[in-house]
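> The lines below spell out each chain.
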Amino acid sequence: MKFTLSWLRRHLETSASTEAIAGCLTSIGLEVEKVEDRAASLASFIAAKVITAEPHPNADRLRVCEVDTGSARMQVVCGAPNARAGMTGAFAPVGAVIPESGMVLKQSRIRGADSSGMLCSARELGLSGGHEGIIELPGDALPGTPIAAVLGLDDPVIEISITPNRPDCLGVHGVARDLAAAGAGRLIPGTVDAVPGHGPCPVEIGLKFGGSGPACPIFAGRLVRGVKNGESPAWLKRQLEAIGLRPISALVDITNYISFDRGRPLHVYDADKLRGQIHARLGQGGEKLLALDGNEYAIDPADCVIADDSGVLGLGGVIGGEASGCGMGTVNVFIESAYFDPLRIAATGRRHNILSDARYRFERGVDPEFVLPGLELATRMILELCGGTPSDVRVAGAPPARPQPIDFRPERVRALTGMEVNEGECVRILDSLGFGVQADLLPMAVRAPSWRPDIHGETDLVEEIARIHGFDKLPATPLPRLRAVTGAAVTRPQNRVRLAKRLLAGRGLMEAVTWSFLSPRMAELFGGGAPELTLANPISSELSVMRPGLLPNLLAAVKRNADRGMGDVSLFEAGPQYAGDAPEAQSIYASGVRSGQRFARHWAAEQRPWDVFDVKADVMALLEQYGAPVDRLRMTADAPQWYHPGRSGVIRLGPKNALGAFGEVHPRIVEAFGLRGAVMAFEVALDAIPLPKARMGASRGPLRSSDLQPVTRDFAFIADAGVSADALLRAAQSAAPDLITAATLFDLYEGERLGAGRKSLAISITLQPKEKTLTDAEIEKVAAAVIAAVKKNTGAELRG
Amino acid sequence: MSEIEALTREMLQAVEKAQDVAALETVRIAALGKKGVLTERMKALGAMGPEERKAAGAQLNTAKETLNAAMAARAETLHRAALDARLGGERIDITLPARPETAGAIHPVSQVIDEVIAIFADMGFSVAEGPDIETDFYNFTALNIPPEHPARQMHDTFYFHPRPDGERLLLRTHTSPVQIRAMETSQPPLRIIAPGRTYRCDSDMTHTPMFHQVEGLVIDESTHMGHLKGCLIEFCKAFFEVDDVRMRFRPSHFPFTEPSAEVDIGCRRSGDEIRIGEGSDWLEILGCGMVHPAVLRHGGLDPEKYQGFAFGMGIDRLAMLKYGIPDLRDFFEADLRWLRHYGFAALDIPSLAGGLSR
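Taken in order, these protein sequences are the chains called L and A. Heads up, the first sequence is in my numbering, so the first residue is 1 and it goes up one at a time. Heads up, the second sequence is in my numbering, so the first residue is 1 and it goes up one at a time.
Watch out, some of these pointers could steer you wrong.
[To be verified] DSS-like cross-link-like pairs, simulated, lysine-lysine; straight-line CA separation at most 27 angstroms: (1) L:Lys781 with L:Lys791; (2) A:Lys237 with L:Lys473; (3) L:Lys616 with L:Lys34; (4) A:Lys305 with L:Lys473; (5) A:Lys54 with A:Lys64; (6) L:Lys616 with L:Lys759.
Treat the hints as calculated values from the structure; they're not laboratory data. Keep in mind the model is a prediction, meaning the values are calculated, not measured.
One chain only, chain A, in its complex shape:
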């Protein structure tokens, strides 16, 4: 073993022994500092003959590289150890509670409206609107409910005081006035839904003076009651997120449709719970029918040319059925506990692509 090799081994041992960055620096200075042993040997190369210098130079360079590499590796090890030692002392209690964030929520009525829109949008419907404060014409007369018709009593209408001209405005009792407004402003083919607030002078366990409905209207030259049935079956399957659903169309009577039907959906009741798509019970969920010729005429359309269907559903009721909400009156109380329990996250935006509910 040459002297340099022996020296190198000695210095490598010193590197390995260095316990901190300062000790390592001492080793470096001893070897490669201005007066380091290897530096001194390098300086001595100048006094050597060419052959000897070449051999010694190469040996010294190798020794220097080896030593540098070892020092770098040792430095890294020491750094890690020092960091580990520091971090070891930096412990926090990770069970401490996170910083609070106040979570908001979307009301079930808004959520269900968005769900209903998502489904009907896929069937080519668009959303129409109308005012809450309506005229007698739009709420009744145009819907084939003449002034003395008994149906006006059934509707429990909220009226405003008569205006100087005798006209008595009212709060719409259903979303059906939007049918007329839509026919007045657009030409067939029409496919609209109109979700919104509706009002009836009624308040008990299952009725509130304000509630929500969604109206549907399809007008063209060929849509028949089979389409109505198909449309509503598809809606119920999509809305209740079930593969199959039993539905029953029962003949009924509404002044603004003919033929008219009430629609029951198959369900199972057990105690307070209602499960859609199972069981052998029936639950009424909506009224519908073919638009009455008189209504088409009031909307400015020729019933010999145009026909179509209309339906009206209770949004609050849909929400109660789907999400198991027992009491309608709680919808309008704005109780934080209720909103937290039945509300939806802001990003739960219903879509058919993403699924209606989580």
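Just chain L, with the same shape it has in the complex:
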């Protein structure tokens, strides 16, 4: 919403400065977006009369002019073809800043002639209308007058953003009312006296809705005969131009003016183009409208249209039709002033994608009780600017009934805002905003004005009082502490996600945050892409499906980094993935990828690519850190399809509960992302890791450690290639579970010497005696049991 200061002053008697008014607007909720004070940048430019303009002795195209600046006579050199004696131009003295270039004008000597200033073109001053040559000001402009005043630009334009609940402020009068309530001036009453008609309106008006509800509850109109349409007067054109509207003709400009002046859209028809009764009704299939914007619209049966016997004249409250519009030749004008259902206007506007000032106002809700005053105001202005004879007013329907009064307890202001506003002030504010207050009742009965469709209940009234009283008076009050020492703010599962990020970052992975959606192709590669997880209105097909996992986005990020020359990438993300559209189907994963070399080339470090056991270490570190029962975990070789089938695993706690997967990414997937070389990946379902049981609270119980030295024994077994290390170690441990505290694998050999399908596994077991040192015989006995158990469970033989 834009208006000039002078326009505002037609509704508000005020001595406040532009800055003060702007500050007040923002403080009452009418946020100022911009104050455009065109006079400010033109302050140093004045009107000057050219006394003489002689050809420059040394340059054909230049003239040496003597100008009268009101206070002095100056010589300036000018190249404009229209510089001539007797004209009045825009003079820039030495020291002025030229708006177009930002240059400071200097005293100069041009081809031997002194030049003390400049006569400016419109473009140099940042003004529109860049015709050839220098600006020619009206001849009656007194030399020395600031050109902003001469050009009528000394009127700041204020632009405010209006929240959708305040249609009343889409007219300058409503803005003035709010300002007056806040003490920025006195509201000039906007009452409009009726214009007596000269005989009945010959144009019939009707509402034809049957039982379809109040799409247009009231429709009023009147005919003005014998008008003379033409250009609007300068003041009207200037106001419209200042807010960015193009003046068209007096009749049309009047409707635009009232739309911005009172938030009351109107429409004018050339009455000689109307056929029969003019009425509002719903659209019919097959109807078309050539609208004033030059587009043709196919009318929908849900649109409210204005029609006559010839068909649709316009989309009511949205846009008028080309055929029945007023032109310069219009002699008899029919003025329409109606009220339309906001929801229907919004739907029609969206359906046809029409953004008009009328739609903007009607869909937010114009004042239904200003239908007739608006019509009278338009009549007045038409008579004033175009002459003519008005008919009586015709009205069909009635404005919707006003809502019931609201019970208001002034103490609610304090209860909800903490501000002390006394009852008298509450009543004053409500009254000045146009509310009807019965203050002698308890609770008070408050009736909202017809222009405030946003007021429904007591808290709305509290808000009105609070915003006018001033949010700067809200008493900043600390929240009372609930407890002396605050407890945990996050749950244990929430904290686990936070710490998982820090653990992985500590392990050298960079945390990424990537989109929750991706392309259908990538989703399908990772088992996703279900219809219920596909967006109906994505911003692009690349971001149209909810991600089934975090790896695809991470792999895409690896590719982006590789393309920028960064090939060694370790990335992780801890965030949501979506197995379905129900809340339970969203789960938190910590997933990562490692690609490229483990270390950059280095004089003392092993250079090797990342491998499966690096990412297995990431997974195990996460699981251990978060209290997963590591000794009960099982590995299975059935990782999802996006992993290399032979170089990947799933970590399970029981057969159903998969906690995560890790391995080399399937070469097919690597290729699909345009990557080269092996990429390692892991995924951990953070929600699936059981929380450690807090049997003893935080206590860890006593440490039971033996003073007796542990004994280690090493074994090498020859096993079939299919025997897993895990099975072999578990078998060894099972030989003497009380005594063997650890069994680790320290060597793996697969080679020709053993023959195909065979491998050698070297393990070390640690025996921890509990009561007395073990004798050699006892140790040998355990060793024999280990060998026997391994053979029995895995078929592996001790290596000879």
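Starting from the structure of chain L, add chain A where the hints point.
Relative to chain L, chain A alone:
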């Protein structure tokens, strides 16, 4: 000087002259070995009379102790010299680069969420969550945004295809649905914050289709808008780590709060840089207000008994302001150079006790 004293002096001189452990051993054998001069003298004690033996024995013992001490000291000196000589030859180039370690980093979004949690935790808030895929009810209707409300157009909602029952799920456009879920599952007094992902069908210089918000909600029987102001001022001071901050509450409109306010924070802009807590410019940082009675009713609470405030802030925006990150779109690119530059060390865990940032 007795003969033994003379002998001792002679041997001490030999000890001092010994240039290595082997030479010292030779001296020891000459003095105290099986046939050493002192050993021979000791052997001779047996042939002496008691008085003479006592005097000579004492003299010999003194000589032996003196010699042993001298040899031990010399041995130590020789050891040191030998070690020094060896270490002198063991020089490495200590300017050679250390073994590389790959440093990870925490994303600014995670860091700022942790900072926000640390501050609100101190004010008694706990963290609540809700799903990204929401129903129309939680995202709009329960928040007092009826189906045809123009605010639904303002929200640029991502929708899923309608389900067979006609229900059309959506991606939450704000974290406010968590307000309703929290009211449904817990009884007042409530103090929650809900950080999370939010989505709007928007993409340009300053908007991304996904971004992060944190919702705040306080419900009890007496919390008013002054508390909201106090709470947010304290938050901004703590978050931006400044002693004082200018804040401006401007009346605004949100369907789910009443009265509603937008909050500006005082700052100074110079070029691309924005400094919070200085200067005379204003920067909008959040929207807030008193929870609308209709929202309380949708949450199952009686607005005549309960009241409170709610706010919503952009986390990415907070991160940009605090850490001088110029472009929102870079947040989601996972560019290693960006992550290294704007990321945080794993151990930079924000806490009020330790300070939010280093």
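> Of the hints stated earlier, which fail here?
3
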